[in-house]
Amino acid sequence: MVNILENKLKEKISSLIEELEIIIGYSESKAPLKINPVFIKTKEEIDRLIFNNLCVNNLATYSYYLSADTKGKIGIILKPCDVKSIIQLISEELLIKNKIKTIVIGCNGIIDYKKINKAVNYQKIISAKLDENNITVNTIDKSFNFKLKDFFAQKCYVCNIYDNPPYYDEFIENDLKLNLEKKKEYEDIEEFEKSGLEKIYKFWEEEFNNCIRCYACRNICPLEVCRDKCIAQLDEPHWQSHKINSSEGKFFQLIRIFHLAGRCTECGECERVCPANIELLKLMKKVNQIILKLFDYRPGLILDMKPPLLTFKNVEQNIKDEELI
Amino acid sequence: MEKLIYIKKESLKNFLEKISKDYDVYLPIQNKKNGIINFDSINILNENYIMNLKEKTRQSLKFLFFPPYESLFEFEYKKDIKNPEVTEIALSKPGNSNLREKVIFGIKPCDVRGIDYLDLVFNSGNNKDPYYLNKRENTIIISIGCSIVYPDCFCTSIGGSPFNFGNANIGLLDIGSDLIVTKLDESEKIKKFIADYKDFFEKKDMDDETENKINEIVLQSNKTCSTNWKKINPENITAKMESTFKEDALWQEITKKCISCAACTYVCPTCVCFNIADEQKDKKGERYRCWDFCTNYYYTLEASGHNPREKIYQRYRNKINCKYNYFIKRNKNLYCVGCGRCIDVCPVGMDIREIVSSIISF
Amino acid sequence: MEIVKNLLIPQIATVKKIINETTNIISLQIVLDDNESLKNFKFEPGQFGQISVFGVGESTFVINSSPLVKEYLQFSVMKTGVNTTAIHNLSEGEKVGLRAPLGNWFPYKDMEGRNILFIAGGIGAAPLRPLIFYIIENKNKYKNLTLLYAARTPEDFCFQYDINKWKNSGDIKVIQTIDNACYGWQQEVGLCPDILEKLKPSFENTVAVVCGPPIMIKYTIEVLKKLKFSDEAIYTTLERRMKCGIGKCGRCNIGEKFVCTDGPVFSLKELNKICENFI
Ligand SMILES: Cc1cc2nc3c(=O)[nH]c(=O)nc-3n(C[C@H](O)[C@H](O)[C@H](O)COP(=O)(O)OP(=O)(O)OC[C@H]3O[C@@H](n4cnc5c(N)ncnc54)[C@H](O)[C@@H]3O)c2cc1C
Ligand code: SF4
Ligand code: SF4
Ligand code: SF4
Ligand code: SF4
Ligand code: FES
Chain A
1 MVNILENKLK EKISSLIEEL EIIIGYSESK APLKINPVFI KTKEEIDRLI
51 FNNLCVNNLA TYSYYLSADT KGKIGIILKP CDVKSIIQLI SEELLIKNKI
101 KTIVIGCNGI IDYKKINKAV NYQKIISAKL DENNITVNTI DKSFNFKLKD
151 FFAQKCYVCN IYDNPPYYDE FIENDLKLNL EKKKEYEDIE EFEKSGLEKI
201 YKFWEEEFNN CIRCYACRNI CPLEVCRDKC IAQLDEPHWQ SHKINSSEGK
251 FFQLIRIFHL AGRCTECGEC ERVCPANIEL LKLMKKVNQI ILKLFDYRPG
301 LILDMKPPLL TFKNVEQNIK DEELI
Chain B
1 MEKLIYIKKE SLKNFLEKIS KDYDVYLPIQ NKKNGIINFD SINILNENYI
51 MNLKEKTRQS LKFLFFPPYE SLFEFEYKKD IKNPEVTEIA LSKPGNSNLR
101 EKVIFGIKPC DVRGIDYLDL VFNSGNNKDP YYLNKRENTI IISIGCSIVY
151 PDCFCTSIGG SPFNFGNANI GLLDIGSDLI VTKLDESEKI KKFIADYKDF
201 FEKKDMDDET ENKINEIVLQ SNKTCSTNWK KINPENITAK MESTFKEDAL
251 WQEITKKCIS CAACTYVCPT CVCFNIADEQ KDKKGERYRC WDFCTNYYYT
301 LEASGHNPRE KIYQRYRNKI NCKYNYFIKR NKNLYCVGCG RCIDVCPVGM
351 DIREIVSSII SF
Chain C
1 MEIVKNLLIP QIATVKKIIN ETTNIISLQI VLDDNESLKN FKFEPGQFGQ
51 ISVFGVGEST FVINSSPLVK EYLQFSVMKT GVNTTAIHNL SEGEKVGLRA
101 PLGNWFPYKD MEGRNILFIA GGIGAAPLRP LIFYIIENKN KYKNLTLLYA
151 ARTPEDFCFQ YDINKWKNSG DIKVIQTIDN ACYGWQQEVG LCPDILEKLK
201 PSFENTVAVV CGPPIMIKYT IEVLKKLKFS DEAIYTTLER RMKCGIGKCG
251 RCNIGEKFVC TDGPVFSLKE LNKICENFI
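Chain order of the listed sequences is A, B and C.
So for the first sequence, this note's numbering puts the first residue at 1; every next one is plus one.
So for the second sequence, this note's numbering puts the first residue at 1; every next one is plus one.
So for the third sequence, this note's numbering puts the first residue at 1; every next one is plus one.
Derived from the structure by calculation, the hints contain no laboratory data.
Under the rule of at most 20 angstroms between Cα atoms (straight-line distance), these lysine to aspartate or glutamate pairs were calculated in the EDC-like manner:
no., chain 1, residue 1, chain 2, residue 2
1, B, Lys257, A, Asp69
2, A, Lys202, B, Glu47
3, A, Lys286, A, Glu206
4, C, Lys95, B, Asp282
5, B, Lys240, C, Glu256
6, B, Lys256, B, Asp344
7, A, Lys306, A, Glu92
So the derived list for chain B, only partly shown, Cβ under 10 angstroms to chain A, looks like this:
no., residue
8, Tyr150
9, Glu253
10, Cys264
11, Asp344
Even for Gly, the Cβ is constructed at its ideal location relative to N, Cα and C.
Hey, can you work out the whole structure from these sequences and the hints?
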């Protein structure tokens, strides 16, 4: 049961809290289907911690800035997939391993609330209740009951590290296991590409009409540690216009794509937070698919491996000169 | 007996279509593909874009009057033919584009208030803003009160109410079958509007049943809304903001999870900060303005590298003080209309009510 | 429809003369192209303007010519960033855009009958220059005038031509100081606040006007407080990043004040009422 897991978590944190300056975890939110990141320092606060299928946020987002601001060690509660962001940051030497204690919890899947929003015809959800296999969702005049297994995040359907994190300092095992019908990696991207270039272009055209250039996608990304130095906001060099419109929105994503090629751990945070509901993860995945093909590399899995785009080989096996034109 | 003016719900569609012949009509329209509701032209309605009067729009109305990006003027470097040594500069000012009159239908009272505040900024004092006025003038605002109040609404906490129509020209109340006109401004423009479409504005005597219905709805909405947060008194809150301003540890604590994006600012009906920039290609270029956000590192960064608000907590503190302190001092009003949009879009669950509450209880 | 003046569109002006002040500061003398506007142009000491290099941008500079000079407007520009670099690259005869005058000004009427102590650091002499000109012109209304002017090295003083004139005429007592001693320098050596402390000017019936970089303002004010100057008797000008200059874009706020419309001139008394730090 969920409570058993939460108790294990709290026990673990109690034993660690003395040695850590601050711990980032999940806590309840008043908003339905959401949780709140919480920063705790004392034993008394430990009771605020929760862990359930709604803990979507990737708390690794806070690691870079917080570790720069604290003297001591910080603890972060992570899902096995979130820990990939930490691995990636460490392998890029953006994070110092000894400053972070990764407390990883076994995961049995997380809910994609945009899927639920869709299932209730985008009516505003005013309350929700979660149990082991089902979720009840209430709008202003209706109540819906859904099976959890249909509403997990896309990444859960291809996940194979849910009880076997690639790296951790502490691991808390979850008795509940992820029990989903597996999908093929990048199956959704291949499916999407079948519609042809013209349709794809039209799709993005429409999507980006709504982009308000709020930079939420950039600022929530655990790997975009550049938020206060971003080229998209600079006057010198003035690479990108400050205008807010569809084409600048697309150009901004191009910048993000290049910055994240071979780095993105596909956590899905950018897509989750976009107030314009743009399907940003599709873009990130496409680039990662190419990187996988060229370099046989998946970001965020091996701590002491130099990411391929941070280095070079004299001869790249998978890149053929004649294909480069 | 009091006369009741109302629009029958079943003739609403015809009414809107009719007025769209004479006006540019804007409505809350939901994109069925991604669920987002925004104000848009009636002309885009089709099977994928449908009118939705129930919920708040994702973007506030400021989008229409103060767009995310607009050109201020264009310039061109020109050689003087007689005197080729000299390069002249020609400026072309934006024309008063011959905009048709607008009707904006189905705005919530909180958004009407948002517009009232934009008027305070852009249409008062000596430095009026012609770009804003150009779009804002000749607009008829038809608001519908909130018979449904959602958990993130809190207009009653900050001096509004689900049926306070502010400076809207027409205020409607939805009693299910009909939309009852509960506010009508006295202007000639509106008298003419009502007369022009008199077929749709029906009249009857007020009866007990309707009166009870109206009272019940108003009471219920006010009640629900006021359970969403406590009442905020403008005077007390400024004093509290002043006395806690220098409590850096408090501000650091309550803003720790903020990632300093612009989501909350860009959806807010009252945030109007903007940036100005030039762009040039060959000899021609333009100066434009576009939205900007005070939680952004670059906002106050000076050429010397000095940044008066270097840290997120300092910037967020400015944002909250702008709304719950500075604006009150300048304009006697809280600079927040309680729409709850910022709460809805925040990636990390910052809730302005919780923030202000923790300041009050500090 | 109400006709509203568009305050965001600059007027075209011509750079008539460029003066090299220091290694990284130049002064521009600018004339509005439109004769009518030029004739009617009036400004008060302390007010500023926004200078555009079209295609690059706009930035803020105080008008530092004498308010009594009608032929041109002078601005001094320190090279710090994109737009200031573009301004440094201008030549005489080239066109710029100007939005001026903006902001408030020094309350020189309130200073009548009092001694005035001007304290400038580096480019901070610019906002003081028009005020000094005005006050010297009306010197019978004021008591003793003193200028303490600090710069890093002897080469970093702007307006040396004015200073020489002022020294010779005796209208105003001028004390110059540099950060570190150097060969041939015969005036004060030391940071502005330290020299001020050494000079110990009397606070009685005296107004102090301090302009310069933030850090210098901070420490100078501390010394003035030590010397018993009251908050009402200390004035300064503040800098914040600006865009619109007319109280709309929100960028330049310090607490509830907009530097562009409520400032740039503030008394310490006003500043102390603001919750946000002004430095
Ligand atoms: C009221 C006032 C009077 C001033 N008077 C003078 C003067 O007489 N002489 C002088 O050399 N400098 C003066 N400054 C400072 C001057 O405005 C900046 O140095 C200049 O804007 C830097 O522009 P940039 O484009 O070169 O810098 P960048 O760093 O490239 O800046 C880009 C933009 O940031 C803004 N900005 C950056 N720093 C400042 C700043 N410190 N103040 C205001 N805006 C800034 C400008 O809008 C500029 O367009 C004054 C500033 C203010 C507020
Ligand atoms: S893509 Fe979405 S999150 Fe990113 S800037 Fe645009 S609107 Fe904001
Ligand atoms: S780009 Fe998006 S999916 Fe990839 S790591 Fe960043 S936030 Fe996660
Ligand atoms: S409060 Fe939320 S939406 Fe606003 S800047 Fe912070 S993270 Fe972004
Ligand atoms: S601060 Fe938030 S609740 Fe208040 S008006 Fe802005 S978006 Fe609405
Ligand atoms: S510069 Fe725009 S408000 Fe002051």
